[in-house]
Amino acid sequence: MRTGAASGHPGYFHETAFFSSDEELLAVLVPFLRGGQEAGEPTLVMVGDDQARLVRDALGDTSGMDFTSGGGHYTNPAQTIADFRRRFAALVRRGATQIRVVGEVPHPGTGQAWERWARYEAAVNHAYDAFPLWGLCPYDVRITPDHVLEDVRRTHPHVAGADGSHRPNARFEEPRAFLAGRSAPPPDPLERERPLLERRDVSPARARTAVASALRGALSRDALDGLVLATSEAVTNAILHGRGPVVLRAWGRRGRALVTVADGGPGPADPLAGLLPHAHEPDGRGAGMGLWIANQLCSEVRVETRGGCTVRLLVDETRDGSSPLLV
Amino acid sequence: MRSSGTAGRAAGLGPHDHLCWAYEHGDDLHEAIVEFLADGLARGLRVAYAASWDVPRLRDDLAGLDDLDGQLARGALRLLPLAELYGDQLLAFPEQQVARYATLTREALADGFSGLRVAVEATELVRTGEQREVFARYEHLVDAVMVEQPFSALCAYDRHVLGPQAVAQLACLHPLSHGEDAPFRVFAGPEGLVLTGEVDLVGAELFAEALERVVGPLQGRELPIDVARLDFIDLRGLAALDARARAQGGVLVLRHGRPVLQRAAELLSLSAIRVDVAAA
Chain P
1 MRTGAASGHP GYFHETAFFS SDEELLAVLV PFLRGGQEAG EPTLVMVGDD
51 QARLVRDALG DTSGMDFTSG GGHYTNPAQT IADFRRRFAA LVRRGATQIR
101 VVGEVPHPGT GQAWERWARY EAAVNHAYDA FPLWGLCPYD VRITPDHVLE
151 DVRRTHPHVA GADGSHRPNA RFEEPRAFLA GRSAPPPDPL ERERPLLERR
201 DVSPARARTA VASALRGALS RDALDGLVLA TSEAVTNAIL HGRGPVVLRA
251 WGRRGRALVT VADGGPGPAD PLAGLLPHAH EPDGRGAGMG LWIANQLCSE
301 VRVETRGGCT VRLLVDETRD GSSPLLV
Chain B
328 MRSSGTAGRA AGLGPHDHLC WAYEHGDDLH EAIVEFLADG LARGLRVAYA
378 ASWDVPRLRD DLAGLDDLDG QLARGALRLL PLAELYGDQL LAFPEQQVAR
428 YATLTREALA DGFSGLRVAV EATELVRTGE QREVFARYEH LVDAVMVEQP
478 FSALCAYDRH VLGPQAVAQL ACLHPLSHGE DAPFRVFAGP EGLVLTGEVD
528 LVGAELFAEA LERVVGPLQG RELPIDVARL DFIDLRGLAA LDARARAQGG
578 VLVLRHGRPV LQRAAELLSL SAIRVDVAAA
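Top line first, the protein sequences correspond to chains P and B.
Quick note: the first sequence uses the numbering used here, first residue 1, plus one each step.
Quick note: the second sequence uses the numbering used here, first residue 328, plus one each step.
Just so you know, not all the hints are guaranteed correct.
[Stated by the list, open to error] Below, a sample of chain P positions facing chain B; criterion: calculated Cβ distance under 10 angstroms:
1) 141
2) 197
3) 221
4) 236
[As the list claims (entries may be wrong)] The following label-pair restraints were derived from C-beta to C-beta distances:
5) P:147 - B:548: 54 to 60 angstroms
6) B:589 - P:304: 27 to 33 angstroms
7) P:164 - B:547: 58 to 64 angstroms
8) P:170 - B:589: 44 to 50 angstroms
9) B:547 - P:183: 53 to 59 angstroms
10) P:304 - B:451: 53 to 59 angstroms
11) B:544 - P:90: 32 to 38 angstroms
12) B:395 - P:213: 58 to 64 angstroms
13) B:491 - P:201: 17 to 23 angstroms
14) P:192 - B:544: 57 to 63 angstroms
15) P:183 - B:517: 56 to 62 angstroms
16) P:11 - B:333: 52 to 58 angstroms
[What the hints assert, rightly or not] Which chain P residues stay away from chain B? Per the calculated CB distances, all over 10 angstroms, these:
17) 35
18) 40
19) 66
20) 91
21) 110
22) 111
23) 126
24) 142
25) 193
26) 199
27) 201
28) 208
29) 225
30) 304
Honestly, the hints are just simulated from the structure, not real lab data.
In this text, a Cβ means the ideal position worked out from N, Cα and C, and glycines have one as well.
Could you build the full structure based on these sequences and the hints that come with them?
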């Protein structure tokens, strides 16, 4: 049975809250967390250390609440979605009738690029809708850039106020429309240099050989294996579903590598492609999962569908010093 | 240890090797067969040559072989029309043919040879799709015998007659191949199967077919596949392994796999395959 503001709501109750002081933050979080505790619902708190301390002090009794530091959970959107969905499914199997989550999605105010997390906020309206989930995403207006706040308003169907209110958000946009309207992010710094390789009309096998040999010195073996697999799948998809010659490019320097696979076709019709595993492809299991798998094996995957389809596969081992392959 | 991969020549092969020799020109073929059999004789093996023509022509094919008459007289060399080596029961009872080779090998050992080696020009046995389906399954069964017994073979196929697709269907089931006839190979190993080469879009259909030849009913068991020299397999290939294992009621265990393989199988939630990662 759903409780609180999410009463009667079948799927994902996705709510945001804007705050500009500790008091305002607590005014929203404390009733939310207490409500979960009192209803015996799994309550996950993924915020930074300072905020966690603040909230714990205010609550006193935090029994039944699961405090985990936010950093490790927000790797890339597809991985984050996969991790959370596994977790939510497990909780539901163990009898949860509602799950409450407080999550701090990365943004420039907290030192992270925003574009893919804007897409994440839109996509999760679908991705988490299979679960009895009440998610609260608080944003500190003092440190969050205006363009981020604008996107937050467009991706959350509900808003919680410091006055205890829970209102539907009139600014909410249907996720696919939001995603289709995103502009292309700027190129990666690696692209300022000439690519290490450029090939036209490439087969999956030639693409693999070229990428493996060009990037052998730049990445660890496991990370390179993952990137080679992702490249092969992207080229396979371009051959099967794309149009015209497939163009492959690769850049790399110590610990960072970028591969692009471009064709002249329209690309995937669904802007959510790659963020969720596609279980309903006509080819059956394995095929159609290429983009999603690439997302799990690479640091970041983007699909640009303006002027043809370009799949961009980025592996960055420098960020946390370990291969994205090693979970 | 059996060799695997591509063999430029038919020389230097061991008593358990199994080589697919797809050829364009008869001359190259005869040279290869002579080399293969001469090597065998030097190793103390009993050797045989079979094709779908008569004995006098078989003799002519081996004109380059040293002391051909002497070898024939000693019983070290046998020339067999195909019908004599392969009864017309092959299509119906391939297992009997396998048993026959096992018997011939035992006889060779009993007669003081160190094993048996056969060169077969088998184009006539694989012309139709139906024939190929049976013969391919048979090739795999006999390959398994070669792992244990000192029995080695060269299987010659006329590429001009059969076409590259048919050749690929046969070549991919041999540990050794003369040309780049198939992008991968799946064959018998000391425990279960060995899969080498690369499996991707280009060989996807060939791979699914090959799995039908080499993975029979599993009856709940686990069948190991050594993938130490599998250079690449894509998601479709992994899904094909899983589908075949499920269809045959068992589990395929990919041994000596790289971490990416294990990760991909986990991500695809494949329940009928398991990847054991090679120790670092």
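Right, here's what the structure says about each hint:
1. 141: For residue 141 of chain P, the interface hint is violated, since the closest Cβ of chain B sits about 38 angstroms away, which is over 10 angstroms.
2. 197: 18 angstroms, violated
3. 221: 8 angstroms, holds
4. 236: 5 angstroms, holds
5. P:147 - B:548: 54 to 60 angstroms: 59 angstroms, holds
6. B:589 - P:304: 27 to 33 angstroms: 31 angstroms, holds
7. P:164 - B:547: 58 to 64 angstroms: 59 angstroms, holds
8. P:170 - B:589: 44 to 50 angstroms: 48 angstroms, holds
9. B:547 - P:183: 53 to 59 angstroms: Hint holds: Cβ distance 55 angstroms, inside 53 to 59 angstroms.
10. P:304 - B:451: 53 to 59 angstroms: With Cβ atoms ~55 angstroms apart, the hint holds.
11. B:544 - P:90: 32 to 38 angstroms: 35 angstroms Cβ-Cβ, so the 32 to 38 angstroms window holds.
12. B:395 - P:213: 58 to 64 angstroms: 49 angstroms, violated
13. B:491 - P:201: 17 to 23 angstroms: At 21 angstroms between Cβs, range holds.
14. P:192 - B:544: 57 to 63 angstroms: 58 angstroms, holds
15. P:183 - B:517: 56 to 62 angstroms: 58 angstroms, holds
16. P:11 - B:333: 52 to 58 angstroms: The hinted range 52 to 58 angstroms holds for residue 11 of chain P and residue 333 of chain B, with Cβ atoms some 56 angstroms apart.
17. 35: About 35 angstroms separates residue 35 of chain P from the closest Cβ of chain B, which puts it past 10 angstroms; holds.
18. 40: It holds; residue 40 of chain P is separated from chain B by about 31 angstroms at its closest Cβ, greater than 10 angstroms.
19. 66: 24 angstroms, holds
20. 91: Residue 91 of chain P is indeed farther than 10 angstroms from all Cβ atoms of chain B, at 19 angstroms.
21. 110: Check passes; 28 angstroms lies beyond 10 angstroms.
22. 111: 28 angstroms, holds
23. 126: Residue 126 of chain P clear of chain B: closest Cβ-Cβ about 20 angstroms, beyond 10 angstroms.
24. 142: 39 angstroms, holds
25. 193: Answer for residue 193 of chain P: holds, closest chain B Cβ roughly 27 angstroms.
26. 199: 16 angstroms, holds
27. 201: Given a closest Cβ separation of 14 angstroms, the condition holds.
28. 208: It is violated; residue 208 of chain P is separated from chain B by about 6 angstroms at its closest Cβ, not greater than 10 angstroms.
29. 225: Its Cβ does come within 10 angstroms of chain B, the nearest being 4 angstroms, so this is violated.
30. 304: 22 angstroms, holds
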